[in-house]
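S.K.: Each chain is listed here by its residues.
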Amino acid sequence: MSDAPGASAALDVAGVSHRFGARAALSDVSIRVERGRFMALLGPNGAGKTTLFSVITRLYASQDGRVSIFGHGLDREPSRALARLGVVFQARTLDTDLTVEQNLLYHASLHGIGRKAAKARIAVLLARVGLSDRRDDKVRTLSGGQSRRIEIARSLVHEPKLLLLDEPTVGLDLESRADIVAIVRALVREEGLSVLWATHIFEEIDGADDAVVLHKGRIVARGTANSIAQGDESLEAAFRRLVAEPPRQAA
Amino acid sequence: MTKTVATTPSTAAASIEKPVPHLGRLDAIGYLICLGGIVRRELLRFFNQKERFFSALVRPLVWLFIFAAGFRNTLGVSIEPPYQTYVLYEVYVVPGLAVMIQLFNGMQSSLSMVYDREVGSMKVLLTSPYPRWLLLLAKLIAGVTVSVVQAYAFLAIAWFWDLDIPAIGYVAALPAFIASGLMLGAIGLLLSSMVKQLENFASVMNFVIFPMFFASSALYPLWRIRESSETLYMICMANPFSHAVQLVRFALYGQFEPIACAVVVGTTIAFFTLAVIAYDPGRGIMARRGGPAGDTA
Ligand SMILES: Nc1ncnc2c1ncn2[C@@H]1O[C@H](COP(=O)(O)OP(=O)(O)O)[C@@H](O)[C@H]1O
Ligand SMILES: [Mg+2]
Numbered sequence: 001m002s003d004a005p006g007a008s009a010a011l012d013v014a015g016v017s018h019r020f021g022a023r024a025a026l027s028d029v030s031i032r033v034e035r036g037r038f039m040a041l042l043g044p045n046g047a048g049k050t051t052l053f054s055v056i057t058r059l060y061a062s063q064d065g066r067v068s069i070f071g072h073g074l075d076r077e078p079s080r081a082l083a084r085l086g087v088v089f090q091a092r093t094l095d096t097d098l099t100v101e102q103n104l105l106y107h108a109s110l111h112g113i114g115r116k117a118a119k120a121r122i123a124v125l126l127a128r129v130g131l132s133d134r135r136d137d138k139v140r141t142l143s144g145g146q147s148r149r150i151e152i153a154r155s156l157v158h159e160p161k162l163l164l165l166d167e168p169t170v171g172l173d174l175e176s177r178a179d180i181v182a183i184v185r186a187l188v189r190e191e192g193l194s195v196l197w198a199t200h201i202f203e204e205i206d207g208a209d210d211a212v213v214l215h216k217g218r219i220v221a222r223g224t225a226n227s228i229a230q231g232d233e234s235l236e237a238a239f240r241r242l243v244a245e246p247p248r249q250a251a
Numbered sequence: 001m002t003k004t005v006a007t008t009p010s011t012a013a014a015s016i017e018k019p020v021p022h023l024g025r026l027d028a029i030g031y032l033i034c035l036g037g038i039v040r041r042e043l044l045r046f047f048n049q050k051e052r053f054f055s056a057l058v059r060p061l062v063w064l065f066i067f068a069a070g071f072r073n074t075l076g077v078s079i080e081p082p083y084q085t086y087v088l089y090e091v092y093v094v095p096g097l098a099v100m101i102q103l104f105n106g107m108q109s110s111l112s113m114v115y116d117r118e119v120g121s122m123k124v125l126l127t128s129p130y131p132r133w134l135l136l137l138a139k140l141i142a143g144v145t146v147s148v149v150q151a152y153a154f155l156a157i158a159w160f161w162d163l164d165i166p167a168i169g170y171v172a173a174l175p176a177f178i179a180s181g182l183m184l185g186a187i188g189l190l191l192s193s194m195v196k197q198l199e200n201f202a203s204v205m206n207f208v209i210f211p212m213f214f215a216s217s218a219l220y221p222l223w224r225i226r227e228s229s230e231t232l233y234m235i236c237m238a239n240p241f242s243h244a245v246q247l248v249r250f251a252l253y254g255q256f257e258p259i260a261c262a263v264v265v266g267t268t269i270a271f272f273t274l275a276v277i278a279y280d281p282g283r284g285i286m287a288r289r290g291g292p293a294g295d296t297a
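Residue numbers (my numbering), protein chains in the order written: chain A, 1 to 251; chain B, 1 to 297.
Wrong hints could be hidden among the right ones.
[Said to hold, decoys possible] Within a straight-line C-alpha distance of at most 30 Å, the following computed DSSO-like cross-link-like pairs (lysine-lysine) qualify: (1) B/196 with B/50; (2) B/196 with A/216; (3) B/50 with A/138; (4) A/119 with A/138; (5) A/119 with B/50; (6) B/18 with A/116; (7) A/161 with B/18; (8) A/116 with A/161; (9) A/138 with A/116; (10) B/18 with A/119; (11) A/161 with A/138.
[Said to hold, decoys possible] Cβ-to-Cβ under 8 Å is the rule here; a few derived chain A residues that face chain B: (12) 57; (13) 174; (14) 176.
It should be emphasised that the hints constitute simulated quantities derived from the structure, not laboratory data. Computed from a predicted structure; not experimentally measured. All C-beta atoms in this analysis are idealised placements derived from N, C-alpha and C, irrespective of residue type, glycine included.
My request is simple: use the sequences and hints to build the entire structure.
M.R.: So this is what it looks like as structure tokens:
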């Protein structure tokens, strides 16, 4: 639990470690995503981003440390925590044999949302991601960028206030990437969504965004993206410098 | 570092604070919606693969056809409950073949759980705020629904073989089929947690399906097996599949077999409990297997 007297953070990861056998994938990771903020989780391949997401979504029990979502600890109140969390996983997770709407309705039921309410919500979300006309199409007929947009819509069906995205733009063309970034940024701006966005692509990050840099399972830098860069160094240069060094824990 | 003080929610900070709203509901109605949604998805996927339905039917029908033609006289004589007269071999073998459909179905569901884990839709399922046992129970119910429909479709065709099953038997068999379907589904669930990858399913066929089927009362009455081997007889008695078959066999003739029922229910509970434990995040099934494999670029 946070010590702050005010509202609890959207996401509070405190001292989380995770090992796969002998290999430490996460070592004492702490991250706080404030309400209504966009936070970038920057890290090269193998840094531990997906592992961290798996701990936050309770696919893995965290072996050490504590995760809370809007003040609900994942260990003690997993239902309340998960009900407020939306996730877009790195791997594609839609049922390709089912239609867009069937996929979204399935997800709605996983959160206990009745069909009528779900359909209304789905209509709004499909409009939001610009795919209203694809509602009755099978997912296998969608392009990569389109299915990612559907996955974003799906992650929002239960109106979570915290959204996690694990490298959502990887493998997409420039235009689809820009679309997805724009959709998520609009959600932060207009709906006050809190976002944790894992990536290794700098172009997706603004100078004013909160950012943490993960390297070999440790946080090696944190602050706004601008403050991570030193002097007139670009964020990209800063990132290269940070992941070139052996990991030293940031304060 | 965390002491579980009580199951009641939250510390002081969270109770003062107004909880952040969300659309879903976490009450009993939400449970039912969730259960219904999972069953619905399984059925949708099932009806998208009609070949699966037909191949599941063809297999036992071919067997029935061969047995009926070939073994008629050799194995045709036996009187043992629930039969009151001598029965033809094809009559004897029908309940076992019906439950075999359910056995295959249970393994098929298990396979689709492993597949879900590989493609990642298992992650979506497990981020549902409902408890894991409910999610697994929903999977189980979905599988049983399909397997009961298949078993009855088989019986409908087998009817042409003049089985002398009384009308009441078809009704009485429904709970028996549900019970045996639950048992075989629960075994499949646990297996799905132990099988690392889809490819390993061939060994499940060799080491689970075939032994369970052949070392049972499905194809031959157990007294006959005992005549040839006491050991094999003991194995067949210990095989829960035998009891599922006997439960269905008796039910089809309007009778209840309490021991078979007890074994089937007990096995179901045991295997389901183990499956829930295996899928608990603390035990790390998702971490050890089918974790981010395929995710790690
Ligand atoms: N299921 C697993 N079993 C063993 N090691 C794993 C597993 N998943 C990930 N790892 C290892 O943990 C480290 C972090 O992986 P991951 O979290 O996928 O990184 P990222 O998502 O940042 O690319 C890597 O070294 C990876 O090989
Ligand atoms: Mg990853």
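S.K.: Now, for every hint given, state plainly whether the structure supports it.
M.R.: Now for the hints, and whether the structure bears them out:
Of the supplied pair hints, the one linking residue 196 of chain B and residue 50 of chain B holds, its CA atoms being roughly 27 Å apart against a limit of 30 Å. Between residue 196 of chain B and residue 216 of chain A the alpha-carbon distance is near 26 Å, which keeps this suggested pair within the 30 Å criterion. For the given pair, residue 50 of chain B sits about 17 Å from residue 138 of chain A by alpha-carbon distance, which is consistent with the 30 Å threshold. For the hint linking residue 119 of chain A to residue 138 of chain A, the alpha-carbon distance of about 17 Å falls within 30 Å, and the restraint holds.
A distance of roughly 28 Å separates the Cα atoms of residue 119 of chain A and residue 50 of chain B; the hinted pair therefore holds under the 30 Å criterion. A distance of roughly 27 Å separates the Cα atoms of residue 18 of chain B and residue 116 of chain A; the hinted pair therefore holds under the 30 Å criterion. About 14 Å separates the Cα atoms of residue 161 of chain A and residue 18 of chain B, which keeps this hinted pair within 30 Å; it holds. Restraint check: the Cα-Cα separation between residue 116 of chain A and residue 161 of chain A comes to about 22 Å, which is no more than 30 Å; the hinted pair holds.
Annotation: proposed proximity of residue 138 of chain A to residue 116 of chain A holds, straight-line Cα distance about 21 Å (limit 30 Å). Pair hint residue 18 of chain B plus residue 119 of chain A holds up; C-alpha atoms about 28 Å apart against a cutoff of 30 Å. Between residue 161 of chain A and residue 138 of chain A the alpha-carbon distance is near 28 Å, which keeps this suggested pair within the 30 Å criterion. Nearest Cβ of chain B to the Cβ of residue 57 of chain A: about 5 Å, under the 8 Å cut. The hint holds.
The beta carbon of residue 174 of chain A is not positioned within 8 Å of any beta carbon in chain B (closest approach about 19 Å), and the interface hint is therefore violated. Given the 8 Å rule on beta carbons, the hint for residue 176 of chain A is violated: about 18 Å separates it from the nearest Cβ of chain B.
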